[in-house]
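Asker: Chain L is already provided as a structure; the job is to place chains C, X and H on it using the hints.
Protein chains: 4
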Amino acid sequence: MAYKDEKLHEEKVFKDPVHRYVHVRDRVIWDLIGTKEFQRLRRIKQLGTSNLTFHGAEHSRFNHSLGVYEIVRRILVNFEDRPNWNKEERLLCLCAALLHDLGHGPFSHSFEKVFKLDHEEFTKQIILGETEVNVVLSKVANDFPQKVADVINKTYKDKLVVSLISSQIDADRMDYLQRDAYFTGVSYGHFDMERILRVMRPYEDQVVVKESGMHAVEDYIMSRYQMYWQVYFHPVTRSAEVILTKILHRVKQLYEQGYIFKMEPTHFVSFFEEKVSLEDYILLDEAVVYYYFQMWAQEDDAILRDLSYRFINRKLFKYVEFNPNLQMKEWMELYRLFNQIGLDPDYYLVVDSSSDLPYDFYRPGEEEERLPIHLLMPNRELKELSRQSEIVEAISGKKRTDHKLYYPRDAIIQLSDSQPEKKKIFELLYQTE
Amino acid sequence: MAYKDEKLHEEKVFKDPVHRYVHVRDRVIWDLIGTKEFQRLRRIKQLGTSNLTFHGAEHSRFNHSLGVYEIVRRILVNFEDRPNWNKEERLLCLCAALLHDLGHGPFSHSFEKVFKLDHEEFTKQIILGETEVNVVLSKVANDFPQKVADVINKTYKDKLVVSLISSQIDADRMDYLQRDAYFTGVSYGHFDMERILRVMRPYEDQVVVKESGMHAVEDYIMSRYQMYWQVYFHPVTRSAEVILTKILHRVKQLYEQGYIFKMEPTHFVSFFEEKVSLEDYILLDEAVVYYYFQMWAQEDDAILRDLSYRFINRKLFKYVEFNPNLQMKEWMELYRLFNQIGLDPDYYLVVDSSSDLPYDFYRPGEEEERLPIHLLMPNRELKELSRQSEIVEAISGKKRTDHKLYYPRDAIIQLSDSQPEKKKIFELLYQTE
Amino acid sequence: MAYKDEKLHEEKVFKDPVHRYVHVRDRVIWDLIGTKEFQRLRRIKQLGTSNLTFHGAEHSRFNHSLGVYEIVRRILVNFEDRPNWNKEERLLCLCAALLHDLGHGPFSHSFEKVFKLDHEEFTKQIILGETEVNVVLSKVANDFPQKVADVINKTYKDKLVVSLISSQIDADRMDYLQRDAYFTGVSYGHFDMERILRVMRPYEDQVVVKESGMHAVEDYIMSRYQMYWQVYFHPVTRSAEVILTKILHRVKQLYEQGYIFKMEPTHFVSFFEEKVSLEDYILLDEAVVYYYFQMWAQEDDAILRDLSYRFINRKLFKYVEFNPNLQMKEWMELYRLFNQIGLDPDYYLVVDSSSDLPYDFYRPGEEEERLPIHLLMPNRELKELSRQSEIVEAISGKKRTDHKLYYPRDAIIQLSDSQPEKKKIFELLYQTE
Amino acid sequence: MAYKDEKLHEEKVFKDPVHRYVHVRDRVIWDLIGTKEFQRLRRIKQLGTSNLTFHGAEHSRFNHSLGVYEIVRRILVNFEDRPNWNKEERLLCLCAALLHDLGHGPFSHSFEKVFKLDHEEFTKQIILGETEVNVVLSKVANDFPQKVADVINKTYKDKLVVSLISSQIDADRMDYLQRDAYFTGVSYGHFDMERILRVMRPYEDQVVVKESGMHAVEDYIMSRYQMYWQVYFHPVTRSAEVILTKILHRVKQLYEQGYIFKMEPTHFVSFFEEKVSLEDYILLDEAVVYYYFQMWAQEDDAILRDLSYRFINRKLFKYVEFNPNLQMKEWMELYRLFNQIGLDPDYYLVVDSSSDLPYDFYRPGEEEERLPIHLLMPNRELKELSRQSEIVEAISGKKRTDHKLYYPRDAIIQLSDSQPEKKKIFELLYQTE
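Chains L, C, X and H supply the protein sequences, listed in that same order.
Residue numbers for the first sequence, in the UniProt record's numbering: 1 to 433.
Residue numbers for the second sequence, in the UniProt record's numbering: 1 to 433.
Residue numbers for the third sequence, in the UniProt record's numbering: 1 to 433.
Residue numbers for the fourth sequence, in the UniProt record's numbering: 1 to 433.
Here chain L stands alone, though its shape is the one from the complex:
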């Protein structure tokens, strides 16, 4: 039997708190899960620093990747005998679902920003490079790794396949909303996925949703909206993210300045020099990062030491609301005062902005352009969701942004009351709110 059609002698299941069970019958999928590149996702948390806010959020990207695979698997069971659906694409969909996050590193967001990396690029490299994953995929067909990479990269010719993995209601989002809700314990993030799966239909170059399922989709969009503001952009999580980013900035700066580290930051050198090989990238999991942070909490450089200590021991920055347009004067004054008291404002006075677009009907030319959701009407026509749903219309295309100013309150409080800057700083901070 061809490798691509090989079934396990007996179905394997993973116990999954969100989908109850993840089912694996295909030999290819089983082999992919066993590769070291996929196992590495166990050592990368799905939500980065969110566990410092929600102590349950320790779940890994391994976890999520299995979940996305399982959702696509269930969708395809429903698609099996439908017109418009090409059964030949089944294995490709499953592999792309399983591997879509393969290139994620620890704390991707901060690392990518500071070291100018792109996890999607690494996903591609892992799939196409000299890896265990590539060996497995190549056994299916010579061009199979490229196909999988194309689907994940959204350049695959069959857009219907792409839309299963990347759209405004794809398996990725449906899994992470539910999973992140489960592990954080928040009561948002629930929607009737079983119903959505039942009303999904393949339709030309996209997956659409039968109109009768519109309310379930509304509920999903609202869940997404709530999860963004309640969990993903939680101000405490962002505080940890700010510190993390500043650690990376500092250590890079020190390296560039020829600073002598107590322990050579071997794993980081290629990151500092912005020429990261695939091998270096794969080695750098979350444990390694934590290990270095602990080392750096004992470095001589006061800023690196302090920030690393703060991250490890969760002595986070506090925040006030901040409007960057209206409050530049206050900001500049604070900047001056921080310098005066010896707190480098580039590290200790940080504006962080989050913004979200809960749903959009169409955003041509934007960085992450995702297809709008289409409803399949009883007359077989399509209608874009926000034209049918008042609720979705109300939030559609509305970008909401939130700015906060982060600073180490503990350090300011420790200043002597006789230091005039102390009072001024607090006055300015409370004014910004």
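If you're looking for bench data, these hints aren't it; they were derived computationally from the structure.
Among the hints, erroneous ones may be present.
Just so you know, same-sequence chains aren't split out, so a pair can sit in one copy or run between any two.
[Unchecked claim] Cross-link-like lysine to aspartate or glutamate pairs, in silico, EDC-like; alpha carbons within 20 Å at most:
no.: 1; residue 1: Lys315; residue 2: Asp31
no.: 2; residue 1: Lys87; residue 2: Glu6
no.: 3; residue 1: Lys210; residue 2: Glu381
no.: 4; residue 1: Lys116; residue 2: Glu273
no.: 5; residue 1: Lys154; residue 2: Glu88
no.: 6; residue 1: Lys12; residue 2: Glu211
no.: 7; residue 1: Lys383; residue 2: Glu321
no.: 8; residue 1: Lys7; residue 2: Glu80
Answerer: Using the frame of chain L, we list chains C, X and H on its own:
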């Protein structure tokens, strides 16, 4: 106001997936949670290697410790106005609940076995030593750290207080059963804790349970039984544990033999030499262990390299059932054969035994002697649980043991079919089952 | 001890699927639950005909009333030591919460429409009249029954007390959304009530919500929106409601025409004559209604017999979308055709309209005027919810109406294909959609 | 296409709180659900009088019947391609599952006892008699109604089919345990059905369970045990059952004595005379029974009036533990005293016994003989469950019986303290406990 009575201006809550919210009003508790020794528990998984079997089980001891605190807090709300209850012990109970696992290190079980450590001893040292935790506790009263240590050590004079934290139905067990069930996703581990809390009563030197709650307690005992065999003793988890233990053995042995490591195992030296200081102990969190394992997967020593590689990439040992009494002959033959094919049997042919005593009425002189559960009858007499419950009686005092023989099936399979040992080994292995 | 302060020797609990347990300590509450007027609520379904759509929705008003009581009880535990809260009102709040639906009869909506009744009026009569409930309440104080009636009637002087029971985020709504979701099994209707309860504050003449809880309130509003359209206005439920209403119309009409019933409709006579005494009203529970429907399914009058048979055996009307403004011509033509084929259109061609206002900031002068929800800002000012929440603003004040035309498809289908009306009727019906 | 193979144009789903969705594709199933005999099950509560103890337990037999159908449907999806499974039996299994409780009347237990009825006999009559159900089944094949009746009656030749519907781990039990747990809200009754379904295998003349699923089965057996004692045999439920039975006894006795009822008990006459026709039986749903009870609460006969009033208004009997073997003397004395104070002891002093056999390996010749559960071992042999599971062995074959003595405490309390019987009665009652 005395520090011990200080309340936070506003109640703080932690979102908890198991208890919904963990509530903190006491300044002392809030300060303890903020110490670096307590924050360190975030970097130690509650279930060690279980996440390699149940991918959701990434939750930390931080998580569990807050849960135990919350359960005790709820119990004490119920006790508040009851006779037999000394309100003065409230803060002591809460602190002991919160801190009872403070001395746990990464993969405690294996580390303790190999390096002859005792996490309870470290818990005591952290509470009584020069730590942030000790600073906070000492502010309550000079003798308060000692009291907390005594409760955790079960030597505190008021046994009623002790029994809240350590008995056969204590807050510790009630939290971990539910929490481990939640994060693994198994459907065991559920029982009606709310009801148990409502029927708990302080009674002389122990917490007892009103007879009307007997069925809820039965359910709890059964949950415990199921969790042990379905989760805690899962054979795949034990495989990872076996490998982990063997890594530690190997690295210690190499150190003792003067082996030159590519990277000096600084963090481990005092462990190898069995003179671990508190400071060394605290530094060694799970991230550090994983970091070393990754280093060791690149060492020259074949055994250390192979085992570390296996652990990191989840290439685990397989197992067969094994009866150490009846199968010594097979075992010795396998031992010989393993040597012959160049697999050191001390590292690659491992018997692992698990045993559990789901409930016991009385076990004087045993290593971990826990009080039996007593029911409070309508006539105010006490009756030991197994005398009232047929189900509990049925399993009471019955120790169940399970032995498995672990070995690297992949390595045996890779032997050439022409090697006569290959066939013999498989024959012997299947014979043991 | 005064009756009003009397506590039960031991707390009583009701196992409740939604709130886990309903706790009763007050003698007064316990006695009220035991009255026959309150027990009667067991024989009236919370959701009338919804069980014909959602087979789980068999839960009673008894069920819901205990739930509302329990929510108010929990709110008051939080209010206990807050400024602005008058502890003396506690028992009044609990009684009003428990009894607020006391005057509901079976299928209230239809009965009230056809027989011009008002369940709020009967609630008042039961509280103030010669009933077991009145006996219990009067033992608290002579004017206590009147106070309870006033709170339920929203005329009580302390508007803070009123707003616990009747506002846009009162205990009534919080219970029924969750309860109806639980029993129907839909995945809407969930929100984080525990969090809402924690952020509720007494504030002058209303209950307000701390701004930090805004997202939980948004979630509640969305749940409400979804429950209305997914459950309460489900078109199949409305079909059953249409038939039920027509049965009552028919039987009243027959009575007025002097029709001789096979079995005298004794329980209904005072309803037909629109002079229903309290005693008559209380006797008419759902079992009695069903009994009569079964009798009427054997009556001589064809319309009454058919409609009753349909209701009992769930042979419901089908529906098409209908726009009463644009489709009067089609409607009149259908009316004519129905007459022609011998189906009285007054009974067999029924337009039903549902409309909902998910949230409103202010609707002075409207029939059911409920207070808007106010957020308590950090600076102690109030802000009306829709001014802070984009989502709520989006749906605020927007009344959505849905019209459907109900008709007995089975009867039309049974017409001979040679009857020209058959084809015409179907053409007209499909045109309306 | 043959009627038996006809599929609905589009799958129909019922929202079900327990199984999420019940799926119907077969035209035959859809038509059966629409029959009036099946719809009648909506008017019969699954748990009879349990709602007087657990207010959520209002769910109907309709509800449960759909659930059993859905479980069998899911089992058969798993069986589809297995050896030993005859696909031709699929529709038969589904119909038998759906209809297995069709003959249940209101409060079956009491009615059957008093009027010597047998609901299984009526199930058969409905399936084979002149009913809508029979019309549907006969369209499949002439002998199909008889086959369905045979499966339900356990006389069908293919015992594998029978064991799906009636065994110690059949679809019936799996549904009711979960459903009754859900609606009562108790935390027992949960087990991992999804896992059990996955490990079920057709094996010669029975359904067996793969050994790897043993723990899930243990959990199911324990759930059953707990549900029996916590829910089904709850003493308050039994109190209501006792009163109900006595009402039926009394009214039958009165009828036999020629008592003149205010309202002729038409629906009951054939029950009193023990010659109930199918038509009479079907008419008597729960609403009709409640209607009569309300009438009888206004009868002249003091016993009938009082008992009916008690049932309707939940003024139940209290109970004490009672040992019928040891306490005959006390019983006789109480009997005498009750007579003396004018409370007919045949109606007011009632011993009720409940007993359960949670699991049995084999009970040949017993009234309800169910197959033991067999585990399918890795070597393809079968082992009876209690030989493998210690827990099941512990409770296997152990019948547990509980006796209680019910009496109207309110009536005794109302006796004057000067009446010497009062004191004696209470002394005797407390002695029995």
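Asker: If a hint holds in the structure, say so; if it does not, say that too.
Answerer: Do the hints match the structure? See the list:
Proximity of Lys315 to Asp31 under the C-alpha cut-off of 20 Å is restricted to the inter-copy arrangement: shortest distance 12 Å between copies versus 42 Å within a copy. Proximity of Lys87 and Glu6 under a CA criterion of 20 Å is satisfied intra-copy only: 16 Å inside one chain copy versus 25 Å between copies. Taking the shortest alpha-carbon separations for Lys210 and Glu381, only the intra-copy value of 10 Å comes in at or below 20 Å, while the best inter-copy value is 45 Å. Taking the shortest Cα distances, Lys116 and Glu273 sit within 20 Å of each other inside one copy (10 Å), while across copies they are farther apart (44 Å).
For a Cα distance limit of 20 Å, the shortest separation of Lys154 from Glu88 inside one copy, 18 Å, qualifies, whereas the shortest one across copies, 46 Å, does not. Taking identical chains as interchangeable, the C-alpha atoms of Lys12 and Glu211 lie at most 20 Å apart only when they sit on different chains, with a minimum of 16 Å there against 35 Å within one chain. Proximity of Lys383 and Glu321 under a CA criterion of 20 Å is satisfied inter-copy only: 18 Å between copies versus 40 Å inside one chain copy. In this assembly of identical chains, Lys7 and Glu80 lie within 20 Å of each other by CA distance both inside one copy and across copies; the values are 17 Å within and 17 Å between.
The earlier numbered hints are all upheld by this structure, with none contradicted.
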